[in-house]
Amino acid sequence: MGKDKFLKIKNSLLFMRNLILTFAAWTVILYLIKNVIITIGWFLISLLWKKELLIPQSMRYTVYTIFKILIYAIAVFLTMILWAKYNYKNYYSKNKRKLENLNSDNSTTNLSWKEAVFDVNTKEIKRDNSLE
Amino acid sequence: MLHYYVKNISDILAYFIFFYPIIMSIVWMIGGLYFWARRERKETKKPEFNINYPPITILVPCYNEEKTIANLCTRLTTLKYPDYHVIFIDDASTDSTADIIRKFVDNTDNFHLLRLTQNSGKAKALNYALFNFVNTPITVIIDADTIIGENSLYEIVKPFLFQPRLGAVTGNPIVMNREYFLEKLQAAEFASIISLIKRSQRVIGRVFTVSGCFAAYNTKVLREIGGFSPLTATEDIDITWRIQKHFYEVWFVPQAIAYIQVPSNLKEFFKQRRRWALGGWQLLRTHKDVFTSWKYRRLWPIYIESILSAVWGIAFVIGSIIWLINFIFHTNFYFFVSPLPQWYGSIISLVCITQFIVAIFVNHQYDKNLWKELFWIPWYPLFFFCFGALFIVATLPKGLFGSMEKAGIWKSPERKKINVSI
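In order, the protein sequence lines correspond to chains A and B.
Counted the way this note's numbering counts, the first sequence spans residues 178 to 309.
Counted the way this note's numbering counts, the second sequence spans residues 219 to 640.
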């Protein structure tokens with residue numbers, strides 16, 4: 178009887194150990210897969226840059242293109258500054274279509290129901306659970 | 219002669235496919251940085267509590283949201299905002315959504331449950347509540363799978379107190395589920411594309427869309443323009459355009475954080491992107507009057523950008539098909555685009571990675587772990603450029619010529635049950 182009990186405990190401990198080891202193994206496998214995917218991505222992109230951008234034949238054209246992109250970026254930046262200044266002077270400062278000040282309406286009517294049913298065909302409201 | 223014109227047009231299209239993403243990426247990066255320098259650099263993280271904030275009504279449209287609704291209910295009970303009601307609109311859910319909400323409604327004074335007798339779609343559900351029950355000057359709409367930041371209500375309402383022509387304010391969606399590859403890529407996309415686009419559009423002056431998951435509206439403006447349109451697959455884009463066509467402002471407030479769920483598997487992801495692409499076409503169709511009037515000229519830049527994005531997608535797909543034909547049959551058609559990246563692709567990838575680094579920089583104060591997604595970025599252009607272009611082409615016939623009568627009724631992507639501690 179004592180031996181059976183001992184075997185039972187031993188088996189359950191073995192089961193627990195196997196479960197933990199399986200879980201740990203899968204965690205490691207998934208972690209490795211994740212890192213392999215990341216590595217492949219960066220490897221492919223670095224290969225592409227090395228093959229296309231960093232070879233002597235295309236180096237000049239690459240640098241020239243990046244320079245053009247930088248010039249364009251500066252132009253966009255300056256345009257945005259001017260546009261923002263123009264907007265501030267000719268648009269926001271006038272604010273022709275003003276809405277009412279929200280602070281004037283600071284009280285709200287509490288809804289008198291907790292649960293309501295809205296019939297979408299008749300457009301009627303049925304209140305199930307009134308607070309009143 | 220014909221040969222000459224075909225060659226010229228082919229060259230123009232090929233250059234357009236290469237330069238368009240770069241041109242737009244630079245605009246987004248510079249716009250994002252400019253907005254950050256002016257509106258975020260000196261902003262403190264804590265909102266101003268000494269202002270007299272107006273009362274608000276929060277509308278939460280729900281359809282079969284049993285997995286996520288309890289999280290949102292819990293968060294809504296702990297908000298610090300001084301005066302707010304919450305109306306949950308159960309759009310005839312077939313699961314236990316209403317029962318879960320009811321438990322919270324019974325125990326919370328400012329919670330209310332509105333049940334619809336028939337599934338009507340998000341736009342109609344919101345309109346029923348808006349026109350019958352909202353009695354506050356500000357209406358906030360939160361999706362059922364979204365969790366807002368503790369101070370987000372303050373942040374999203376504050377601009378209404380200072381800008382007298384503000385129609386809507388949109389929050390800053392941050393992806394909360396980042397377990398799998400697809401989720402990680404979408405987290406990067408939301409930060410590097412969507413949030414930078416919104417910032418730069420604010421600098422330009424008009425916003426393409428509010429985030430449907432978390433946005434605040436001036437209730438009077440919403441009613442004036444007739445509420446949400448059920449005749450489109452993307453009611454958030456449509457409402458943004460109609461508000462701006464009525465000459466009200468739409469602002470983006472990055473401090474108003476909303477944590478959202480993105481699709482976890484390809485099936486749900488495709489469904490969502492198909493709907494977005496369809497909504498884009500429907501927008502071009504329903505708001506084509508933007509070009510007939512000089513008074514809408516401030517909307518022209520974002521309308522033209524939408525058209526160019528669509529043209530880019532179509533040109534990319536056609537160019538890739540011709541490349542495939544050339545490759546298989548050894549033909550020699552002029553216009554082709556290699557979907558395998560070469561010199562042009564490597565320049566685009568360089569710009570794309572720079573854009574993500576800019577996004578990490580401007581979003582760092584709201585999302586400290588965003589840098590981790592940088593590792594996944596090399597996969598991003600290949601994945602999203604190709605799928606984005608394919609969906610634009612696939613939805614073109616339905617978007618431009620199909621019926622829009624039931625476009626507003628759609629199912630949300632499958633949700634995951636998440637225990638949130640934000």
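Derived from the structure by calculation, the hints contain no laboratory data.
Just to be clear, a hint being listed does not mean it is correct.
Partial chain B-side listing against chain A, Cβ under 10 Å, derived [to be verified]:
| no. | residue |
| --- | --- |
| 1 | H303 |
| 2 | N337 |
| 3 | G563 |
| 4 | L568 |
We put the beta carbon where it would ideally sit given N, CA and C, even for glycine.
> Given B:H303 was flagged as interface, is its beta-carbon under 10 Å from a beta-carbon of chain A?
Replying inline: 6 Å, holds
> Once the shortest beta carbon distance from B:L568 to chain A is found, is it less than 10 Å?
Replying inline: Holds, because the Cβ-Cβ distance from B:L568 to chain A comes to roughly 7 Å (cut-off 10 Å).
>> Is the interface hint satisfied for B:N337? The criterion is a beta-carbon contact with chain A at less than 10 Å.
In response: 9 Å, holds
> Going by Cβ atoms only, is B:G563 closer than 10 Å to chain A?
Replying inline: Holds, because the Cβ-Cβ distance from B:G563 to chain A comes to roughly 7 Å (cut-off 10 Å).
Hint compliance for this structure: no hint is broken.
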